[in-house]
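Student: For reference, the chains in residue letters:
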Amino acid sequence: MKTTKIAIIAGLVASMLAGTALAQDKTLNMIVIEGGDTTAMQAVADAYTAANPGVTINLQPYPFAQFFQVAELRLRSADAGIDLVYVDAPLLASYASRGFLSPIDASIDTSTLVPSALDAGKYDGTQFALPINNSAQVLYYNKALFEAAGITPPDGLTAGATATQAEVDDLAATKRWTWEQVADAAQKLTVKDGGRTTTYGFTVEQFGELYQLQPFGESLGTDVVAPDGYTASGYLDSEAWTKAATYWSDLYNAWGVSPKSLGYGEAAQLFGNGQLAMLAGGTWNLPGLIASGVDFGVAPYPYFEGGKVLTPTGSWYVGVNAASANQAEAFDFASFLTTSAEGTKVWFDSLQQLPTYQPLLEEISTAASYDAFPNDVFRLGVYDSLNTAKARPVTAAYGQLQDAFRTAFVDIANGVAVSDALASAVQKFEAAAARVAP
Amino acid sequence: MTRSRSPALLIAILLAPALVGLVVFRLYPIELAISDSFHNVLRGQQLFVGLDNYLALLTDSAFWNSLQVTLWFNLLINPIQIALALGLALLYVQQFKGVTFYRVLFLIPIGVSLPTAVIIWRIMLSQDGLVNGVIGMAGVPAQPWLTAESLALYSIIAIATWKGISYWMIFIIGGLQNISPEIYDAARIDGVKPWQRLVFITIPLLRPTLLFVLVADVSINFLLFAPIFMLTQGGPADSTNVLMYEAYKSGFVFGDMGRAMAIVVVVVAILLVIVGLQFKLLSGPKEAR
Chain A
1 MKTTKIAIIA
11 GLVASMLAGT
21 ALAQDKTLNM
31 IVIEGGDTTA
41 MQAVADAYTA
51 ANPGVTINLQ
61 PYPFAQFFQV
71 AELRLRSADA
81 GIDLVYVDAP
91 LLASYASRGF
101 LSPIDASIDT
111 STLVPSALDA
121 GKYDGTQFAL
131 PINNSAQVLY
141 YNKALFEAAG
151 ITPPDGLTAG
161 ATATQAEVDD
171 LAATKRWTWE
181 QVADAAQKLT
191 VKDGGRTTTY
201 GFTVEQFGEL
211 YQLQPFGESL
221 GTDVVAPDGY
231 TASGYLDSEA
241 WTKAATYWSD
251 LYNAWGVSPK
261 SLGYGEAAQL
271 FGNGQLAMLA
281 GGTWNLPGLI
291 ASGVDFGVAP
301 YPYFEGGKVL
311 TPTGSWYVGV
321 NAASANQAEA
331 FDFASFLTTS
341 AEGTKVWFDS
351 LQQLPTYQPL
361 LEEISTAASY
371 DAFPNDVFRL
381 GVYDSLNTAK
391 ARPVTAAYGQ
401 LQDAFRTAFV
411 DIANGVAVSD
421 ALASAVQKFE
431 AAAARVAP
Chain B
1 MTRSRSPALL
11 IAILLAPALV
21 GLVVFRLYPI
31 ELAISDSFHN
41 VLRGQQLFVG
51 LDNYLALLTD
61 SAFWNSLQVT
71 LWFNLLINPI
81 QIALALGLAL
91 LYVQQFKGVT
101 FYRVLFLIPI
111 GVSLPTAVII
121 WRIMLSQDGL
131 VNGVIGMAGV
141 PAQPWLTAES
151 LALYSIIAIA
161 TWKGISYWMI
171 FIIGGLQNIS
181 PEIYDAARID
191 GVKPWQRLVF
201 ITIPLLRPTL
211 LFVLVADVSI
221 NFLLFAPIFM
231 LTQGGPADST
241 NVLMYEAYKS
251 GFVFGDMGRA
261 MAIVVVVVAI
271 LLVIVGLQFK
281 LLSGPKEAR
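One line per chain: the protein sequences are A and B, in this order.
When we follow my numbering, the leftmost residue of the first sequence carries the number 1, and every step to the right adds one.
When we follow my numbering, the leftmost residue of the second sequence carries the number 1, and every step to the right adds one.
If you are wondering where the hints come from, they were derived from the structure by calculation, not from laboratory data.
Just so you know, not all the hints are guaranteed correct.
[Said to hold, decoys possible] Chain A is faced by these chain B residues, among others (derived, beta-carbon under 10 Å): (1) V134; (2) A138; (3) A187.
[Claimed, not checked] Straight-line C-alpha distance at most 20 Å; calculated DMTMM-like pairs for lysine to aspartate or glutamate: (4) A/K345 - A/E147; (5) A/K390 - A/E305; (6) A/K260 - B/D52; (7) A/K26 - A/D124; (8) A/K192 - B/D128; (9) A/K308 - A/D223; (10) A/K175 - A/D193; (11) A/K260 - B/E149; (12) A/K345 - A/E362.
[To be verified] Facing chain A, from chain B, some residues (calculated, C-beta under 10 Å): (13) S6; (14) A8; (15) D60; (16) S126; (17) P141; (18) T147; (19) E149; (20) G234; (21) D238.
We put the CB at the ideal spot given by N, CA and C, even for glycine.
Sequences are here, hints too, so could you generate the full structure?
Tutor: Structure below.
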């Protein structure tokens, strides 16, 4: 009897001691996007915990389609169960204006980051999030399909060839295809067998998404929303956007060169299967497409003839949940992820997204290891991010804009009249944005 | 301990879990929804705005459009589902060769989960899918089942009906088996024809069952969300944008919980009125039995 009592007391004491030891160990919870992003973040987390043994990084992955809703709900309910959160650049204003994020710790040295990328993490002059990486869009083309159709592909970077930064700069500045050239080639590349299309000429990776299509209309001269960020009349329904949206409509309805209603990831799959001749998509598709075995080249993102060259940019940021109880540790990890040579390199190697960490960009531009394909594709990203990148609008009503835009462009691809769809998008966006406007 | 107190105590203990469940899972969310509908959370803090969210709906064309879609959808889908469920139930209770095969066939949709059914239908209704293949053999050109403004809502009705009617059929079979065979025997002796049996005996005696099915079916279809979320996201051109989807988008995509909850409260209020009317019109005079 006595021994059991002693054993129980000893056990209690031991567990209390263990409890105090555990209390010094911190677990940081971070919500991330399922898939490659999670793998890359795990690699960064592993590198971080190797140097900081007391901290555990617990990743909570969500599918892309649900990520925004989950982040919105958990941040809004001041859920202390998450410390770090992935922030899509345009949503920053919405999160910051509602007090979801802690202002970035002033002691973090951000001088090594690309200034424009850093600026997109600011709201009302205060830094609320740090850029994890940037994005670059390119035009992938299937060499065999071009050859079979007997047409000359765009100038681009291909396997077996090398290119210096100066050569890539020249390619991007002088040999960029226009959307008119893309449409022309796409019609010759599309193969129909009876009623079925067996090879599609062209499509974009992100069907109907503002991120990818914003340069379509803006390169023709009109922004997507007014400078106030809450109205779009005279912008999204302008002549420039009507022309861009008509082109988009023709791809599906008049020319039939693009597949309708593709889900997330399906466009890259089509290209990898050899059923798609041209794909406008991100550099992050490189590893997957190389693994698919398709012989492809990479050309600069096209523009409209007579228009200005603009390319999509901006990407994911990391922020610290204002409700988190582990502010200092969370900032330390965010700093490692975005501003350290080791963290940014681990992330880049794993995900192949254009960095915002300048020493790494410098390395891409100059190191001989980036001369050969496919590494030289990142030099195209370097050129575009310095010369042609146009950020998405900063507005607390970005979610509303994105939804109205997507709805309109999906409808247009499905055959709804361009003017009706754009008018309806303007009306819907303005009605929803008025509820958020200050 | 007195004898009179213990049954009351026992009843309280036995009911407690159900009552707690009722409060936590039913009453509290209702309270939360109503309270949220009087607030605006868009600008950070929870601001009390009174009836503003409701008043804003009055001039909100997106709301009116989705109300219209919701009502049209229900006007079509409920009679179709109940008529087909009744037809299948009548067929189910017949005795003929191969009936077991048909009975299994009728019950398959119940065994398939809604998301699975929706995904299978999405593939079948796609541009190069099975349905277009079949109509292609008959020389009909491929149809954009889920991507044309004129077709999408009807495709959703077809999918929801395929999934839903077997379930309602089971209730109706139960009702049919409750009708005493003696009534039919008596009718046969009186020379009543089969269609007269259906109209004057079966359907009147099924009325309590049909009323239950109607009320439950209307409630489910009024709140139908998953197929729309998975297939059309309210499009094309808002043709499938039912109120529940509009509420979801408002609350979870835009973070406008006040508007979302105002819509939900309106949906529930409309549903209560419809169900109330159905009870009044269809339950019939008690003395008649």
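Student: Could you run down the list of hints and mark each one as holding or not?
Tutor: Here is what the structure says about each hint:
Below 10 Å, beta-carbon pairs count as interface contacts, and B/V134 has none with chain A, the closest being about 13 Å; its hint is therefore violated. Hint on B/A138 is violated. Least Cβ distance to chain A is approximately 13 Å, over the 10 Å limit. The restraint placing B/A187 at the interface with chain A is violated, with a minimum CB-CB distance near 54 Å, outside the 10 Å limit. Between the alpha carbons of A/K345 and A/E147 the distance comes to roughly 38 Å, so the proposed pair goes past 20 Å and is violated.
For the proposed pair A/K390 and A/E305, the alpha carbon gap of about 18 Å is at most 20 Å, so the pair holds. Distance check on the hinted pair: A/K260 and B/D52 sit about 40 Å apart at the alpha-carbon level, beyond 20 Å; violated. This hinted pair does not check out: A/K26 and A/D124 have alpha carbons roughly 32 Å apart, beyond 20 Å. Between A/K192 and B/D128 the alpha-carbon distance is near 12 Å, which keeps this suggested pair within the 20 Å criterion.
Our distance criterion of 20 Å between C-alpha atoms is met by A/K308 and A/D223, whose separation comes to about 12 Å. Simply put, A/K175 and A/D193 have alpha-carbon atoms about 34 Å apart, too far for the 20 Å limit, and the pair is violated. For the proposed pair A/K260 and B/E149, the alpha carbon gap of about 14 Å is at most 20 Å, so the pair holds. Proposed proximity of A/K345 and A/E362 is supported: the alpha carbons are some 12 Å apart, at most 20 Å.
Given hint, B/S6 at the interface with chain A, is violated; its Cβ is 38 Å from that chain's nearest Cβ, farther than 10 Å. The beta carbon of B/A8 is not positioned within 10 Å of any beta carbon in chain A (closest approach about 40 Å), and the interface hint is therefore violated. Interface restraint check: B/D60 against chain A, minimum CB-CB distance 7 Å, threshold 10 Å, status holds. Interface hint status for B/S126: upheld, as the beta-carbon distance to the closest one in chain A is roughly 8 Å, under 10 Å.
With a cut of 10 Å, the hint placing B/P141 at the interface with chain A holds, because the nearest CB-to-CB distance is about 7 Å. Hint on B/T147 holds. Least Cβ distance to chain A is approximately 4 Å, under the 10 Å limit. Hint status for B/E149 relative to chain A: holds, with the closest Cβ pair at about 7 Å, below 10 Å. Of the supplied interface hints, the one on B/G234 holds, with its beta-carbon coming within about 8 Å of a beta-carbon of chain A, less than 10 Å.
Because the beta carbon of B/D238 sits about 8 Å from the nearest beta carbon in chain A, less than 10 Å, this interface hint is met.
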